[in-house]
Amino acid sequence: MTHLQDQRPEYTSADEPGPDALAGNDDSEALCEQVARAQAERATLRIVGGDTKAFYGRQVDAAQSLSTTGHHGIVHYDPVELVATVRAGTRLRDLERVLADNGQRLAFEPPHFGDNATVGGMVAAGLSGPRRPWVGAVRDFVLGVRVITAEGKLLRFGGEVMKNVAGYDLSRLMVGAQGTLGVLTEISFKVLPLPQARACLRFELPLAEALDRLTAWGREPLPITGAAHDGQTLHLRLEGGEGSVTATRQRLGGEAEEPLFWEQLREQRLPFFADALETSATLWRLSLPALARMPALEGDWLVDWAGAQRWLKGSEGRGVEGDPQADAHIHEAAIAVGGHATRFTPDASGASPFTPLAPVLAKYHRQLKNRLDPQSIFNPGRLYAEW
Amino acid sequence: MELLYDERIDGDIADVDKSALMAAILAVAPQLTVLDREEDLRPFECDGLSAYRVVPMLVAMPTTLAEVEALVRVCYEHHVPVVTRGAGTGLSGGALPLEKGVLLVMSRFNKILSVDADARIARVQPGVRNLAISEAAAPFGLYYAPDPSSQIACSIGGNVAENAGGVHCLKYGLTVHNVLSVEIVTIEGERMTLGGESLDTPGYDLLALFMGSEGMLGVITEVTVRLLPKPEVAKVLMACFDDVELAARAVGDIIAAGCIPGGLEMMDNLAIRAAEDFVHAGYPVEAQAILLCELDGVEVDVQADCERVRELLNAAGATKIQLARDDAERQLFWAGRKAAFPAVGRMSPDYYCIDGTIPRRELPRVLKGINELSAHYGLRVANVFHAGDGNLHPLILFDANQPGELETTEAFGGKILELCVEAGGTITGEHGVGREKLNQMCTQFADDEITLFHAVKSAFDERRLLNPGKNIPTLARCAEFGAMHVHHGELPHPELPRF
Chain Y
1 MTHLQDQRPE YTSADEPGPD ALAGNDDSEA LCEQVARAQA ERATLRIVGG DTKAFYGRQV
61 DAAQSLSTTG HHGIVHYDPV ELVATVRAGT RLRDLERVLA DNGQRLAFEP PHFGDNATVG
121 GMVAAGLSGP RRPWVGAVRD FVLGVRVITA EGKLLRFGGE VMKNVAGYDL SRLMVGAQGT
181 LGVLTEISFK VLPLPQARAC LRFELPLAEA LDRLTAWGRE PLPITGAAHD GQTLHLRLEG
241 GEGSVTATRQ RLGGEAEEPL FWEQLREQRL PFFADALETS ATLWRLSLPA LARMPALEGD
301 WLVDWAGAQR WLKGSEGRGV EGDPQADAHI HEAAIAVGGH ATRFTPDASG ASPFTPLAPV
361 LAKYHRQLKN RLDPQSIFNP GRLYAEW
Chain E
1 MELLYDERID GDIADVDKSA LMAAILAVAP QLTVLDREED LRPFECDGLS AYRVVPMLVA
61 MPTTLAEVEA LVRVCYEHHV PVVTRGAGTG LSGGALPLEK GVLLVMSRFN KILSVDADAR
121 IARVQPGVRN LAISEAAAPF GLYYAPDPSS QIACSIGGNV AENAGGVHCL KYGLTVHNVL
181 SVEIVTIEGE RMTLGGESLD TPGYDLLALF MGSEGMLGVI TEVTVRLLPK PEVAKVLMAC
241 FDDVELAARA VGDIIAAGCI PGGLEMMDNL AIRAAEDFVH AGYPVEAQAI LLCELDGVEV
301 DVQADCERVR ELLNAAGATK IQLARDDAER QLFWAGRKAA FPAVGRMSPD YYCIDGTIPR
361 RELPRVLKGI NELSAHYGLR VANVFHAGDG NLHPLILFDA NQPGELETTE AFGGKILELC
421 VEAGGTITGE HGVGREKLNQ MCTQFADDEI TLFHAVKSAF DERRLLNPGK NIPTLARCAE
481 FGAMHVHHGE LPHPELPRF
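Quick mapping for you: the protein sequence lines, in order, are chains Y and E.
Here the first sequence stands for residues 1 to 387, where the numbers follow the UniProt record's numbering.
Here the second sequence stands for residues 1 to 499, where the numbers follow the UniProt record's numbering.
Please note: incorrect hints may appear among the correct ones.
As the list claims (entries may be wrong) - Just a few of them, taken from the derived set where beta-carbon distance is under 10 Å, the chain Y residues facing chain E:
#1 GLN59
#2 VAL60
#3 ARG139
#4 ARG156
#5 MET174
#6 PRO195
#7 MET294
#8 ALA341
#9 LEU361
Hints are computed from structural coordinates only; laboratory data are not their basis.
C-beta atoms are modelled at their ideal positions from N, C-alpha and C, and glycine is treated no differently.
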């Protein structure tokens, strides 16, 4: 068992964010000007941070790119308030490091997918890590944003307080919108203290049995914050008070394993993911009700989120060309069990990797995009080809 | 009253013949209960904010989805506004009717459709009471976490519309964190599902957008909530302070130590005395402030946390710290807090509840500001806070029968909210803007931000028929409100520190 609150992470000097990284630079005026010019010239913009998640969505064919990386720094961080306000171009690792130095963290454990991942890109992508089912997603920890509108105006929604129901919740709407509704320039997060204790365990169990156990454990107040099955082994993470972690570990059994597993899972560096890359196999993410039966799809599975997020490594060698018909088959299979699927491997077909929206939903998505970005200058076609 | 619907600044509403509209509704929904007589409409003239009252043109009480769809289609066609109402416990006039509008009362949608213990979810109709969900989940050792003080009466549909909070938000979140999906009927009568039983859905997070949207974007017809396993044990510490500011600082100390209590509440002397007199919770009536700190979880952790918090409270200057001996005493400690509003109501003919939220570090300064405003306006204030999340509920004591006192109270309340905004906070933490805080929205948001809110609204309700005149003020209203300020010249109490 690891005692986390007493443990400060160790860094090499290469990891040190320079003083600039923290004091930062306010580039919002230039960003607003570029947006206003683009709007006037009807030029489209590809919004880029560290460009680590370009694969996640349709490729944007835009006249210009708009880089947020010059707009960086931690604007305000008060550990007592559990709030950090950060400029969008700040590197995610720099933020996480500052939080860790203060015994806190982003509880939703976002994947980086590269050293240069920025905070803005992380929020725009809206991806959460292995802890998501137990503590919540990115959007659950976003308290407020500053965002540049299509007219080039810098507006503020939400704030730095835990509870805020004034006006519509545009802050959370921006999470996962991939920049299609505006340019995020600043985000306020709720942050949480590191737990007192952690234990990482492994159990050699077939998947079905592992899922049954997780269902039963889920009905009890156990300090589980990670549950993944790689085909042979159930990996379980416990985090919480020392007493409960110790007691739960004793009760559940299993063998101890290195915490590194969870970082590799989050960053897709486990052999399962590395193989997909090497063999050009297509990687799919299926987001399903945790108890949904396994869809009858060919390939290898890695099950995370206690069953609610399942990775499918499809037939080898067809990742690059793309096969819209095969894609449709996977989307339908996910819908059939109450969820949706996202192709994580980009392809040349231009088809959206995301499951098509129901017609009424699609209509309101179009109308919302149209009202907030009437000339469609922001990341056009990033989520779906039509807008 | 100045805040009632004003077509001049909130927009026109079509004149429609009442009986023709009623006939059109009944033609497509013959079984639908539609009330049209003055004596039947009267009970619906207000919600929990009873200072504002308007008798609606018609009240519709559907029991089926088809009736809801038919009703909104007729209203859409005739350009008649629709105000949706749940249990009517809201505190900001969000369900205040319109005299030219239909009040859509969802209270007959009151069935718990399913409780799935393995999946830890409950599917319920919007009229189901908040507490009824936890009661239905209790046999499985599960519960629904958000617990607004009105939980015995308020309904889940209203909770979603307001993004309701409660005393356990700091640790367990608001409604937005505990709802998986909602079924919506749009103003055009279409059905759509936002969210789902998976943990995310493709496209925009419209589920989050609809949370707290005060019935302005669609009608909620079903809600799926997440259930949590009941904590093994919960303990409450009550700490007394002879100085409100010391209590406020202690709140920060607890959180800075890495402890997230299940609930962390604060009451000042007037609130303590009111609650003690009403509930006999065992509160020390001489204390200037008390903190109630609930620690929940697994027995061993809670024991350790209690010790840690006790030391912190001692160091922070608590004069007395008392651990509830058993669950009965714990319930009693909470009963005093949850009954604080009605308890204060017994001390004064009327009271007016404010809902500002501020960064915790500003608590001492804002409290001081409220006291100074209280002296200036000559009205007493009892303070009850969700201290852990910086959510203040100052209760202004007044007598509506004294000429001008309601107006003074409203002005006082408005000033408190402006103080919260200046301190980096917000005008409403959990009660919503409704009709009540429209003017303060102009303080919190710039015109461009309000314009963007209207853009969002128009994407879902181009004709502005869903709950018009709530939540988002028109720019005309903000201009009027700003002009009023200029007209009166100076701030009412220029020597007050403004922050």
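Hints versus structure:
1. GLN59: With a closest approach of 18 Å, the Y:GLN59 hint is violated.
2. VAL60: 17 Å, violated
3. ARG139: 6 Å, holds
4. ARG156: This interface hint holds because 7 Å falls under the 10 Å limit.
5. MET174: 9 Å, holds
6. PRO195: 9 Å, holds
7. MET294: Violated, about 14 Å.
8. ALA341: With Cβ-Cβ at 9 Å, under 10 Å, it holds.
9. LEU361: 5 Å, holds
Hint compliance for this structure: hints 1, 2, 7 are broken, all remaining hints hold.
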